[in-house]
Each structure stands twice: as structure tokens, then as C-alpha cells.
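Peer 1: Read off the chains here:
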Amino acid sequence: MSNLPVTERDLFVVGTGIAGMSAAVYAAKRGLSVSQAGSTGEIVFSSGLFDIMAVHPVEEKKLWENPWEAMAAVAADMPNHPYAHVSREDVEKAYGELFDFLSEFGLEYRMEKEANSKVLTPIGTEKTTWAVPVTMWAGVEALKNNAPALLIDFEGLREFSAKQVATTIGDKWSNLKTMRLEFPDSASMKPILTGIMAQSMELKETRDKLYALIKPHLNGVEAVGVPAILGIYTTDEILEEMEKELGVKVFELPTLPASVPGMRLKSLFEGRIGTLGVDLKLQHKVFSITPLNDGRYEVTFGVQAPTEKVVAKGVVLATGRFLGGGLFADRHHIVETVMGLPVSQPADREEWHRTDLLDPRGHKVSSAGVEVDSSFRPIDENGKVVHERVFAVGSLLAHQDWMRMKCGTGIAVASSLRAVEAFVAQQ
Amino acid sequence: MQTQVLIIGAGATGTGIFRDLALRGVECMLIEQRDVNAGASGGNHGLLHSGARYVTTDPHSANECKVEGDIIKEFAPHCIENTGGLFVAVKGDDEAYVKQFPINCEKAGVPCREISPEEALKLEPNLNPDVIAAYEVEDASIDPFKLSLENVADAEAHGGVYKRYMKLLGFSKDGDTITGARVVNTRTGKKSVIEADQFINATGAWAANVAEMAGANIRMTYAKGSLLVTLSRLNHRVINRLRPPGDGDILVPGGTVSILGTTSVRVEDLDNVAPSIEEINRNIDQGAQMVPALDTCRYVRAYAGVRPLVQLGESSSDRAASRGYALIDHESESLDNFITITGGKLTTYRLMAERCADLVCNRLKVDAPCLTRGTVLPDYVQTEWAEPSILTKREWMRRHNSDDHLLCECEIVPKSAVDAILDSFGPDEKPRIQAVGLRSRVGKGSCQGAFCGARIAAHMYDRDLFEGRDGVDSLREFLSKRWKGQRPILWDAQFNQAELKEALYFGLLNLEMD
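Chains as they are written, first to last, in my numbering: chain A, 1 to 427; chain B, 1 to 514.
Some clues are possibly wrong.
Some chain A residues near chain B, calculated using beta-carbon distances under 10 Å [said to hold, decoys possible]:
(1) P191
(2) G324
(3) T355
(4) L357
No wet-lab data here; the hints were simulated from the structure.
Computed from a prediction, not measured in an experiment: that's the story for all the values here.
Where a beta carbon is used, it is the ideal one built from N, C-alpha and C, also for glycine.
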């Protein structure tokens, strides 16, 4: 292993989800040399919706209209919550830099600055979030205004029934009608998957056929909704063309993973992060991170075995939770997988999950994770920093339940920015 | 509504009586609060006992198992995988007990054949290499859902009427005679009275509650047993630990999985039975002494059932309590047309049904003989989708009809199968996702309902089976039911799977807020 090629970097980012990608963007924009490694999978699980904070306290199901007020309440009530370590300005700055990067390559987001928005989900419930892909914005407004709209689903596309969405949201959006179409040239592909449809929508020929199918049904309609399939690479142009051709607003609904909004993020990050000089190693696993005597860290990584080595001045762990692989649960304990960091967790498995899946308090294990100081450096049970220049960011962090609080991406970007800035300040 | 005999409870015993009476030409109706096998009949090992398990503690039951097991193998082969079984002892087990085992088998009339530890290991490579003794027995694995569903179907073919979602509210009486059962349809809320000449209480663990409604008294205790399902099959034969019955002693293979159990814990609350983490740990720790792979393999699910134990005499231990059944005529309690049958085992369900039906027929002055002993149970019910699939996804893709597609990918259940299940419900029966889960492998694979739940909900909306928020409620109910069996096995890969499910249903779909 000592013969591995060695590269020197300022920062090594482990993980390629929203948190890892954001950290790499922030670091590169600040002139740091960055290596990044991770799997390619998890980001396609993203719905494409960017949250700040919507629900607190979880057990009261208290929904906040203003995400900043929600964030302030959480920071006051939960001194260990990641939001207790950052300010509104941090979140705004982090999202600002991220949206600039995404926008530069054609992925636009829309939001009400001071308010959460409601997005109709593929089962007809409402998800409260903050920033919405521009392709979903017309849906947010149409839902709010009960605008006359047509929701389209497709023969053979599972998990998406326009009828289901319309009848479930029926008491709030009574002006929603539905229609089922055969997706152009899909006769041989059943089930059809949204990823394949979105690829096909990149072709003008497919879109023209689709317009022809939709046009006869637009009488009295102000907006047309479809599952998220409006292309992967040229979404902004497809949306614009579609609205022009149909003469009405067009919107997407998020879908279950692997979702097209997730694929767009993945494709954009993976394709463009190199333009910032980040050395991204996809499908690479980090095998070891060893502190050196000079205060730097030696990171070995590779596809199946360590084949490369980076010596970096700092490390950002953005490895996610259980699904992402940052945490691992055996029959008795939860461990952090990359550096064996201390993990704050319930005493034993009996307490991990509650007996009722829908217990309003959520499950205790959802708040297990790595504890950090205000610079997002992991600390041990005595509050002592474990490694001077190692940072933990995103969902790996303890004392938050992003699924129920609706704060996942907000924590991811804010903690990543704070970690990068803290690292820069150390230099 | 009116019938000659009303049977309450659609477990193995209730459906067995239903078929028995229908074959004798008796007009009968079967009602069930939930659906087929909602109680212990759906929460057991799926083991057709050779009887060997009971030769030491209860030779009479052991012999009953042997005789009934042979009969079931004869008349319902399509519900059975005739695996054979092994009893094995490992280093440290009581050698005196081991020596006595074949002698007790002989006395009880239960066949067993000693084989060498080497031979046992050759037959079952996952066995602990420290096997010190092994015996071959005639255990088999049985699909209790298919069995009960076929019993219902055959009874219906002979004129029986089955009504699910019928909750018993109480009885109307005229002196010593029950005149009617007051029921409510839990789906529609519609109340009605079912009049009958004879009433049979075949409600398993709920038998004491139902008897009380009729003004009778039965002393019962309840022993919960918890079991685990492995992701892949570890054994060819049923493997039993050769020691006095204890936890994690039996590993039953079935289709593509193996089932490990069981524990025995006294419970009081029948409506809230779930496997606990402590029981699951105990099962694994004990089971791994027999089959070490049980310590490291992936489990997809745990479940629990309640053994109804009737306290006829003095008994201190649930495990030692007789697994015999109780047939109670209630005549000493001034009830002349009410019968309780409970206790017993899946393996002896037919015999219990026969004895109960004999008593009823005697009262009704019907002299038709029992026909279930010799009459083959026809294969009516499309339960191929309830069994673990032997097709790989690739094979299914190659063969399937182009209009069809998979709604459950883990267990390869296509839309056509879900449609066939949904079509089997009457227009006023309002099936929910749970009913599809009961009749197919839907929700039982590695994703435990995360994707198939949403797909089936969407499909049911498309078929106009749900309106408004019905489907959201059904999805919530379906996922919560699956959760009971997931919670105790959440570590390693299944933990990650559960996190994905939560991220989808809570993070994105807001199911917890709605």
C-alpha cells in the first residue's frame, strides 16, 4: 500500500450526495484544491426539492409557514440540532452559492423567500418544502389558486396515477381533471420508467407527438401537470418549448426514486464539478483515513481495493446515514463507517425504533449520528474534538430527524458551507 | 341472514369445520372479523408435524400428529412441501435425552431413523459441524394460507357462505338457546343479525371472549410465539433441535425462505401482538447453535402468533401444556346450541374440525358421515402468488404477457395477479392493500412494501377501488402492519431498507403528517 501514487490536496471530500457535492463546490470556489470520492447511487434518491425547515416539534406535527422562523425555533429548543450551529445567513449563503452553480448549467430553482411552498406529491398529499425546481413551480401556484388544470399520467407507468392524485387532493384542488395517455413509442416498454421517458423527451420527435396527444384536451385548462419527465439535460428548454406549444403553464410532480429530478442533479454535479477543478472519483470507496504527524490526513481509496492515496490538510465526511453508508447498524450497535467516529445513539436496539411506524415522535434512531462542535468537527462524549481538521456534514449529523422535520438539504448545505469556511479559517 | 350453522372465526379450524359441514351437505356460514388466518393460523411455523416434537412431553398428541399428518399429505398435497425433517443434538446437549428419543418415538408410533452426524451434515451442510446425534423424521412444511383459502373455496363450492370483515358484537338468546349473532361489517359499518340453529366458536385465542358473549366461561392462557423469516433458504429439511422444547429450536424451510422459531411468552393483550427484539435475539442466539449461519444471515421479517391454551387442569408451564385441543359443548352452562373448539395444532386441524362437526351434526340430527379424511382438497385458489416465486425476474420478463408488468419486483407479483385477487372480492367488500398482501407475496420481499405498496395503491385508485383519502389510509395501515414484523430485525441491510422506506413515505410523501 505504501507504493500507491500520492497526490497532495487541501481538502478531501468523502461522499457525493447533496452535502458532499455542495462542500466540494464551496471549497473549490474558495480556491482550495479538492479531491472527492463516493458512490454514484444515492443522489438519484433525491426528490429534487430543497428544504430548510418545516415541522417542529415533530410530535406536535406543527407545520411552519416561514422556514426561517422554524429554523430559529429549532435552534432555540434543540441546542444540539445542527441548525443551532448555523445562522439564517449561513443557510442563505449556502443555498445562494449552490443555486448559482446549478443555474449556470441550466437547473433553475424557484421559491418564496420568506415562506415554505406546498408541492403536490405523487400520492396526492402535500409536501412542504422551500426551493422547488422551476419545472414544478407552476404546480405550486396552481395548487395554491385551485387553478383549472389537467393532470396526465401514462399507460404502464407504475406508482403514478393521476386519478389517485386528483381524488386525494380533491378537497383542496377541485379544478384538477385527469387523463391517461400512451407515451409516444412506449408500446414495447412496460413498465415504462420516468428516467427512460425523460431521455426520450430530449428528442423533439417525442415531444411533438406528446403535444399532439395533449392539445385536444386543453379546453378551459390553465396548466398541465405531468410526472417529472421533462428531460434530463435540457430541461429548461423543454419546459419553455412545451409551454409555448401548449399555450398553458406546464408543471412536473416529483416521483418516487430513481427520480428524474435526482438524475438531473446527479448528471449536473458529476458532469460539471470538474469545471471547478474538483478531482471527482466516482464509484470509489474510501478505505482508510489516517492522521499524519504533520496534522494532515492520508486517505486511501479505490474501486474495490485501495489504489490511490491523497494526503490532504482536511477531510469532510459527507457520507450520509444508513442508506448512504456513513452509518452502519449491526445487531447491537451503530458505528460510523469511515473513521470509526463516536456515534450518539440509543442505548440498545430496543430503543432504536418505536413499535408504531407512525408514532408522532418519530424513531429515536433517526436522531442518532455524529456529534459536532460549532465548526462541525466531530466530538466525543466529553465534547472534545476528535480530529482537528475533520468535519462531518449533512445527514450523518446527530440530533436531527430530516425526514420528519423536512430539513435535510438545508442541513446539508449549511453544514457543508460552515465546515469549509471553518477549514479555510484554520489555514 | 339465516343459516343452519354459523361458524365464527376463519382460521385453520374454522375453515376446516366450514368445509367439513359443507361436504356433509349442512347449510353453513363462516364469518371472520378480519380475513382468513388472521390469528394463530397465520402466525405459525408452517410446520406439518411428524409428531416427533411431542413424543416425550405428550405421546398422545404425537401420535395424533403422525396420523393426521399422513392424512393431510394425502388429501392436500398441493399445500405441502414434503421436505422431511431432522432432529439434531449438538455438543453440550443432554445425551440421556438424546438416547431416550428413539424409544419415545417408537412408543408413540412416530417413525424415526438414526443417521450419522456425517450423513446429517451431508444432507444439511448448514448444520453445526458439532452435531453429535441426528434422526430423520417425517416433518413437512405446509402453507397455512393456501390450506385455509382452499378450505373456504371448497366449502363455497358446496354451498357454504363466507363473509369477511364481520365483527361479532354479541348474541341474542331465548332461554338456553342462542337465536342470533349480532354482527357489524367493519368496512361498511352496517349492522345485522345472523340467525342459526347452531353456533360454533372457532375463534382460537379469542374463544374465551366469544364464549363470554354467549354467557359461558372458559379459562384460557395465551402464549405468544415469535418467529423470523430469512431472506434466502438455508435448509432442505425441517431441522429440529433434539432437546426439551425451547426457544429457537426449529428451522422450517418453505419455498425460498427459512423460518426460525419460536419463543413462548405469556401475553394478556390479544389485539396487540408483535415480536419483541428480545425474543428475536433469543431465537437467533439459540438457533445459531443448531445452524450457525442464522447468526449472520439476512432476515426480512419477524412475526408472532398466539397459541390459545385452554386450562383444563393444573399446569404451570405453557410449553409443557398439552397441545391437545378443547371441544366444549357448553351444555353444563345451560347453552344448548353453542360449541367452542380451540387449542390444538395446525397439524390436527382436520381432526378438530371432524369432531366438532360430528357434535353439530348429532345435534342437528344429520347423519351424513365426515368426508374430509378421504376427499382430496381441490386446487381452486390462485395462490401461486402467495408462495415464494421460483421464477427469477429475468425468467418472468422473458415469459410475461406484454400487457402485464410487475407491481412487486422483490417477489415478482405482476399486475395480472393483483387484478385476479382484486376481482375475487365482491363489489361491496372494498378490499384494501392489506388484502392483496394476504393473498400474495406483495410486501414480503426485501423492500417490505416500500415500492409495491405505492404501486398497488395507485393501481387500486385506477380501478376505482379507492376514493378520496381511502388509499392514503390503506397505505398507512399496510405499512404499519409490515412494520410490526420489521422493527425487531432492523440491522444491517434491512435497516438501510427501512430507512429508504421512511425517507420516501415521510421525507417526500408526508404520510406521517397527513
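Peer 1: Kindly indicate which numbered hints from before are broken by the structure, ordering the numbers from low to high.
Peer 2: Hints that this structure does not satisfy do not exist here, as all of them hold.
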